[in-house]
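Modelling step: build the complete structure from the supplied sequences, incorporating the hints.
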Amino acid sequence: MLIRGSYQGASFFELIEVDYPHLRPATSERSGAAVAPLSIPHGTTVLALRFADGVLMAGDRLATEGHRVASRDMQKVYPTDDHSLVAIAGAAGPAIEMARMLRIELEHYEKIEGEPLELEGKANKLSQMVRANLPAAMQGLVVVPIFAGYDRRRRIGRLWKFDVTGGRYEEAEFESSGSGSLYARESLKKAWRSDLGRDDALRLALQALADAADEDRATGGVDLARGIYPIVYFCTAEGAVDVSREEIERVYREHVAIARKPVGAGA
Amino acid sequence: MSIPFYVSPEQLMADKAEYAKKGIARGRSIVALEYDKGIVLVAENPSRLSKIGEIYDRLAFAGVGKFSEFDQLRKIGIRFCDVRGYQYSREDVRAKALANAYSQAIGDVFTQQMKPLEVELIVAEVGDPRLLGHEENVMYRIQYDGTISDHRGFCGIGGTVERIETYLKEQYQTGRPLGDVARLGVAALANGGTPMAPERLEVCTLDRERAARKFRRASAEEVRAILG
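So the sequences go chain by chain: A and B. Count the first sequence with our numbering and you get residues 1 to 267, in order. Count the second sequence with our numbering and you get residues 268 to 495, in order.
The hints are simulated quantities; they were obtained by calculation from the structure and are not laboratory data. A few of these clues could be false.
Said to hold, decoys possible - Just a few of them, taken from the derived set where beta-carbon distance is under 7 Å, the chain A residues facing chain B: (1) L15; (2) I104; (3) H108.
Said to hold, decoys possible - Okay, the calculated beta carbon distance ranges per label pair: (4) B/R443 <-> A/A70: 51 to 59 Å; (5) B/R443 <-> A/A237: 31 to 39 Å; (6) B/Q339 <-> A/K190: 54 to 62 Å.
Virtual Cβ for every residue (Gly too), placed ideally from N, Cα, C.
Put into structure tokens, the structure is as follows:
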């Protein structure tokens, strides 16, 4: 039973494809009936930006099913290992599965080979997973992730965006994905600098998500009543760490909320 | 036409066991010991090819004998556990299931194939007091014929295992810190001779206090620091 497998490589994704096809994510099926794109939850706005010490990644918390709320506190940013992060937007089911699969994939490779992949290798692996999802994307289950991490060899933060065909594009400044991404990008564009400090980067990210939520109904804003705030991760030489809810709340109240005055309040 | 010789099953098994033991005795032994915050695995290994490895969040592997054979088993163990963790939950990946699967596979090779595997393995699982039903440390030894045994406190594999275990039975105390236990392990491996220099040791820990992945390979400086 134990030695039955025929796959000998270091990829978990391929191991499942070859030896355990019954466990394969349904989204990589090559055929199947068309799926109504509105009948499943969708995640909305995520973003990543480079700053002086590495990269920041953030996402709102809302998942929508058509015009309905599917989840108010969904997680869309995931650490994939000590020094990398993935943010997902699109069809929630396949997107969460892809993030989980990438985490297992990177850990599996590291355990089998005894050393981790280079950051570029990790991004390339994700690109293959997005490409494998293409048949599902054609049926409306589009997953568009952003991958970011700290490149320990080059000592810089790096980030990549992807298209549905698995196309992989490295971005030098920032990137946003999902329904509110246009507004988030416009917001980031105005204030992004390469030498942003940690606190400025956090403020900028929360501002951009607030702008996206303001213009796009599918993006969740800060929910003060329920205490739901965006999720933010930093990835630097020290590794990937999430920002505490308290800090996000404080920055939001001090810098973001204050910029939005009641209508008619005057100057 | 040649007439096949008759060999009694007893003789056949004894010959295979002899062959496997000889192969295993050629290499150096490994010992796993419990310390106050987890499990430490110590091997005399001057080469860069690892004998100890990470299997899963709380599981570690150690193998002696023929490198190609136990390293293949290590990879099979990683695949086995990653698939189980993917299929069920990460907490469902347990040492017992892995040790049983190893025992089955190695036993099958021993009885059914000409050449037995020249390996002995340790599967160790560090307990987590926050997980109900997973609090205890677990260590299994799997031998070349699939024999599996459960160990508490310490567990050795390799040609000199009897002497190591006799030594540890006298010297081992529960609940000691990492440094003490690692030094004891090194002394046990040395068999009364001079202990190996730190740079010729492979030391890995399953540290209960780490986040998700408890396994950690100590660098040469860290080994020196641990042994003091």
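Checked hints:
1. L15: Cβ of A/L15 sits 6 Å from chain B, so the hint holds.
2. I104: holds (6 Å)
3. H108: Because about 5 Å separates A/H108 from the closest Cβ in chain B, which is inside the 7 Å limit, the hint holds.
4. B/R443 <-> A/A70: 51 to 59 Å: holds (52 Å)
5. B/R443 <-> A/A237: 31 to 39 Å: Taking Cβ atoms as reference, B/R443 and A/A237 lie about 35 Å apart, which means the hint holds.
6. B/Q339 <-> A/K190: 54 to 62 Å: This hint holds: roughly 57 Å between Cβ atoms.
Checked against the numbered hints given earlier, the structure satisfies every one of them.
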